[in-house]
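Visitor: Spelled out from the first residue to the last, the chains are:
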Amino acid sequence: EADIYQTPRYLVIGTGKKITLECSQTMGHDKMYWYQQDPGMELHLIHYSYGVNSTEKGDLSSESTVSRIRTEHFPLTLESARPSHTSQYLCASIQGLVIETQYFGPGTRLLVL
Amino acid sequence: QKEVEQNSGPLSVPEGAIASLNCTYSDRVSQSFFWYRQYSGKSPELIMSIYSNGDKEDGRFTAQLNKASQYVSLLIRDSQPSDSATYLCAVIPRQGAQKLVFGQGTRLTINP
Numbered sequence: 001e002a003d004i005y006q007t008p009r010y011l012v013i014g015t016g017k018k019i020t021l022e023c024s025q026t027m028g029h030d031k032m033y034w035y036q037q038d039p040g041m042e043l044h045l046i047h048y049s050y051g052v053n054s055t056e057k058g059d060l061s062s063e064s065t066v067s068r069i070r071t072e073h074f075p076l077t078l079e080s081a082r083p084s085h086t087s088q089y090l091c092a093s094i095q096g097l098v099i100e101t102q103y104f105g106p107g108t109r110l111l112v113l
Numbered sequence: 114q115k116e117v118e119q120n121s122g123p124l125s126v127p128e129g130a131i132a133s134l135n136c137t138y139s140d141r142v143s144q145s146f147f148w149y150r151q152y153s154g155k156s157p158e159l160i161m162s163i164y165s166n167g168d169k170e171d172g173r174f175t176a177q178l179n180k181a182s183q184y185v186s187l188l189i190r191d192s193q194p195s196d197s198a199t200y201l202c203a204v205i206p207r208q209g210a211q212k213l214v215f216g217q218g219t220r221l222t223i224n225p
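These protein sequence lines are chains G and C, in that order.
Using the working numbering, you'd call the opening residue of the first sequence number 1 and step up by one each time.
Using the working numbering, you'd call the opening residue of the second sequence number 114 and step up by one each time.
Where hints are given, some of them may not hold.
To be verified - Within a straight-line C-alpha distance of at most 27 Å, the following computed DSSO-like cross-link-like pairs (lysine-lysine) qualify:
id, chain 1, residue 1, chain 2, residue 2
1, C, LYS212, G, LYS57
2, C, LYS115, C, LYS180
3, C, LYS169, G, LYS57
4, C, LYS115, G, LYS18
5, G, LYS18, C, LYS180
6, C, LYS115, C, LYS155
Claimed, not checked - Using C-beta positions, here's what the derived DEER-type ranges look like:
id, chain 1, residue 1, chain 2, residue 2, range
7, C, LYS169, G, TYR10, 25 to 31 Å
8, C, GLN211, G, MET41, 44 to 50 Å
9, G, SER61, C, GLY154, 38 to 44 Å
10, C, TYR184, G, GLY40, 30 to 36 Å
11, G, THR71, C, ASP171, 41 to 47 Å
12, G, SER61, C, LEU124, 37 to 43 Å
13, G, GLY40, C, ASP171, 22 to 28 Å
14, C, ARG207, G, THR65, 34 to 40 Å
15, C, ASP168, G, SER84, 41 to 47 Å
16, C, GLN193, G, GLU79, 19 to 25 Å
17, G, GLY16, C, GLU128, 48 to 54 Å
18, C, ALA130, G, TYR5, 25 to 31 Å
What the hints assert, rightly or not - Among the chain G residues that face chain C by a calculated CB cut under 8 Å, a handful are:
id, residue
19, TYR5
20, TYR10
21, LYS18
22, ASP30
23, GLY40
24, LEU43
Read the hints as simulated data drawn from the structure, not as lab findings.
All of these numbers come straight from a predicted model, not from anything done at the bench.
Note that CB positions come from ideal geometry on N, CA and C, so glycine has one too.
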């Protein structure tokens, strides 16, 4: 079982609120990823990081931002939540180059009213 | 055209039969291919990886790759109700890329 954690697991919030989804891993992995997944749909990469102070936008345009100040921590922030942000957000991490051994966190289900 | 395409299903298979899941990809330079299983409300977990043409077997699972046809498949033998899940095909889009591109997944239901 991988040691990657996401909080909160579920979040219901009103439009316009600022929210931060937390992702932490205790494995010392250098690469971390955020995916967005709507029900029955594919995972879309929205942000990734190859290490401290390194962040890149993924394939799917997202209004969220990320930071990587510490190796173990990769939070995702929405400055002003909208109903279109309702989705599941999955965090993942890997060590080295073995991309396929991504460890996924349990996910955060976000509902914006 | 999507980079990775799968039939979303649902695919229903009787218990004990062979379930066949298919995936096509658009980029000929893709080198590495993976199958993930995702139970409802859970995170994806890797079940098979394949890098060269042909078959790769692991227990009841067999992955098949045909690079000429840009096609990868997953066979599940002796299907069990516990195999009911969504199966995601994923591809590393080019050599050295440090990210995966996922298909939308095929929802598989094994009927007792």
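Visitor: Hints first: check each against the structure and report whether it holds.
Guide: Status of the hints after comparison with the structure:
1. C/LYS212 - G/LYS57: holds (12 Å)
2. C/LYS115 - C/LYS180: At roughly 17 Å apart (the allowed maximum being 27 Å), C/LYS180 and C/LYS115 satisfy the hint.
3. C/LYS169 - G/LYS57: Roughly 34 Å between the alpha carbons, so the hint for C/LYS169 and G/LYS57 is violated.
4. C/LYS115 - G/LYS18: violated (32 Å)
5. G/LYS18 - C/LYS180: Distance of about 46 Å is beyond 27 Å: violated.
6. C/LYS115 - C/LYS155: With Cα atoms ~24 Å apart, C/LYS115 and C/LYS155 stay inside 27 Å; holds.
7. C/LYS169 - G/TYR10: 25 to 31 Å: The hinted range 25 to 31 Å is violated for C/LYS169 and G/TYR10, with Cβ atoms some 38 Å apart.
8. C/GLN211 - G/MET41: 44 to 50 Å: violated (23 Å)
9. G/SER61 - C/GLY154: 38 to 44 Å: violated (26 Å)
10. C/TYR184 - G/GLY40: 30 to 36 Å: violated (23 Å)
11. G/THR71 - C/ASP171: 41 to 47 Å: violated (32 Å)
12. G/SER61 - C/LEU124: 37 to 43 Å: violated (31 Å)
13. G/GLY40 - C/ASP171: 22 to 28 Å: holds (27 Å)
14. C/ARG207 - G/THR65: 34 to 40 Å: 27 Å Cβ-Cβ, so the 34 to 40 Å window is violated.
15. C/ASP168 - G/SER84: 41 to 47 Å: Between C/ASP168 and G/SER84, where Cβ atoms are some 43 Å apart, the hint holds.
16. C/GLN193 - G/GLU79: 19 to 25 Å: Check failed, 46 Å falls outside 19 to 25 Å.
17. G/GLY16 - C/GLU128: 48 to 54 Å: holds (49 Å)
18. C/ALA130 - G/TYR5: 25 to 31 Å: Because 38 Å falls outside the window, the suggested range is violated.
19. TYR5: Hint on G/TYR5: violated, closest Cβ of chain C at ~12 Å, above 8 Å.
20. TYR10: violated (11 Å)
21. LYS18: violated (26 Å)
22. ASP30: violated (10 Å)
23. GLY40: G/GLY40 check passes; min Cβ-Cβ to chain C is 7 Å, inside 8 Å.
24. LEU43: holds (4 Å)
The structure does not agree with the numbered hints 3, 4, 5, 7, 8, 9, 10, 11, 12, 14, 16, 18, 19, 20, 21 and 22 stated previously, though it agrees with the rest.
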